[in-house]
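Asker: The residues making up each chain are set out below.
There are 2 protein chains.
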Amino acid sequence: MQDAITPEDRSAKGPAEGHDGPVTLINKFVVPPGRDERFVELWTAASHYFRRQHGYLSLRLHKAVSPDAQYRFVNVARWNSLEDFQAAHATEEFRATVTADGWEEFPSTPALYEVIVADDAEPAHASS
Amino acid sequence: MQDAITPEDRSAKGPAEGHDGPVTLINKFVVPPGRDERFVELWTAASHYFRRQHGYLSLRLHKAVSPDAQYRFVNVARWNSLEDFQAAHATEEFRATVTADGWEEFPSTPALYEVIVADDAEPAHASS
Numbered sequence: 001m002q003d004a005i006t007p008e009d010r011s012a013k014g015p016a017e018g019h020d021g022p023v024t025l026i027n028k029f030v031v032p033p034g035r036d037e038r039f040v041e042l043w044t045a046a047s048h049y050f051r052r053q054h055g056y057l058s059l060r061l062h063k064a065v066s067p068d069a070q071y072r073f074v075n076v077a078r079w080n081s082l083e084d085f086q087a088a089h090a091t092e093e094f095r096a097t098v099t100a101d102g103w104e105e106f107p108s109t110p111a112l113y114e115v116i117v118a119d120d121a122e123p124a125h126a127s128s
Numbered sequence: 129m130q131d132a133i134t135p136e137d138r139s140a141k142g143p144a145e146g147h148d149g150p151v152t153l154i155n156k157f158v159v160p161p162g163r164d165e166r167f168v169e170l171w172t173a174a175s176h177y178f179r180r181q182h183g184y185l186s187l188r189l190h191k192a193v194s195p196d197a198q199y200r201f202v203n204v205a206r207w208n209s210l211e212d213f214q215a216a217h218a219t220e221e222f223r224a225t226v227t228a229d230g231w232e233e234f235p236s237t238p239a240l241y242e243v244i245v246a247d248d249a250e251p252a253h254a255s256s
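Heads up: the protein sequence lines correspond to chains A and B, in order. In terms of this note's numbering, the first sequence opens at residue 1 and continues consecutively. In terms of this note's numbering, the second sequence opens at residue 129 and continues consecutively.
None of these hints come from the bench; they were simulated from the model. It should be emphasised that the depicted structure is a prediction, and the values quoted were computed from it without experimental measurement. Hints are supplied without guarantee of correctness; some may be wrong.
[Unchecked claim] With a cut-off of at most 27 Å between alpha-carbon atoms, the simulated DSSO-like pairs for lysine-lysine come out as follows:
(1) B:LYS191 - B:LYS141
(2) A:LYS63 - A:LYS13
(3) A:LYS13 - B:LYS191
(4) B:LYS141 - A:LYS13
(5) B:LYS191 - A:LYS63
[As the list claims (entries may be wrong)] With beta-carbon atoms standing in for the labels, derived distance ranges:
(6) B:ARG166 - A:ALA16: 20 to 30 Å
(7) A:THR6 - B:GLY230: 34 to 44 Å
(8) B:ASP196 - A:HIS54: 34 to 44 Å
By construction, the Cβ of each residue, glycine as well, lies at the ideal position given by its N, Cα and C atoms.
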């Protein structure tokens, strides 16, 4: 089973022409009911790797409250550049992290975005 | 065609038992290549409605840079409570906004989340 999801499947693709400015990863996870604790455990371990990497800016892990959400967990993570994001996904430690036992249970759909409209009325470090 | 997507389809469902604390809408849009300008025009008009509503906190509209992204636009919007979010989606003005001519071209998949892990290293109002 573990070979079914490769490290490449866990990496959002960048545009061939490159990209200027920050990028935002939006990574959607399919997590079966009752498996939240195991998923969060694995995700947290992986997040510790990413938080240490050059160019990492922020992350927010979202858990669905809508009962019909197809993706019950969504990570939104900001990186300083496409190059930094790609470098963090090209290491042996990344490959070891995302092929750790258990990840095969949680398919993900990662994609990279740029923010084109931002309206942040709330204060920094608002409680969440 | 316009009847194919109802205002209910444009509204993320909340849990029957309610929810304490802020909620985050993650709304994914299918936008055909070449139709970005029209989509952003319609979305911007709708966003002006939401920004005026009680309990609205913030929004970020993301545009894909990954060439294979299924959803080329994703809105991430924070609200102070489930009740505020639902009230904003229960008005006649909401119904008129999301049934405006042109929206039928852009199917959306809205769902509500709570933030369970937040690490915001970047300063408030960072350039984006």
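Asker: Are the hints correct? Go through all of them and say.
Answerer: Each hint, compared with the structure:
| no. | hint | in the structure |
| --- | --- | --- |
| 1 | B:LYS191 - B:LYS141 | 24 Å, holds |
| 2 | A:LYS63 - A:LYS13 | 24 Å, holds |
| 3 | A:LYS13 - B:LYS191 | 14 Å, holds |
| 4 | B:LYS141 - A:LYS13 | 31 Å, violated |
| 5 | B:LYS191 - A:LYS63 | 22 Å, holds |
| 6 | B:ARG166 - A:ALA16: 20 to 30 Å | 26 Å, holds |
| 7 | A:THR6 - B:GLY230: 34 to 44 Å | 40 Å, holds |
| 8 | B:ASP196 - A:HIS54: 34 to 44 Å | 25 Å, violated |
In the structure shown, a violation is registered for the earlier hints numbered 4, 8, in ascending order.
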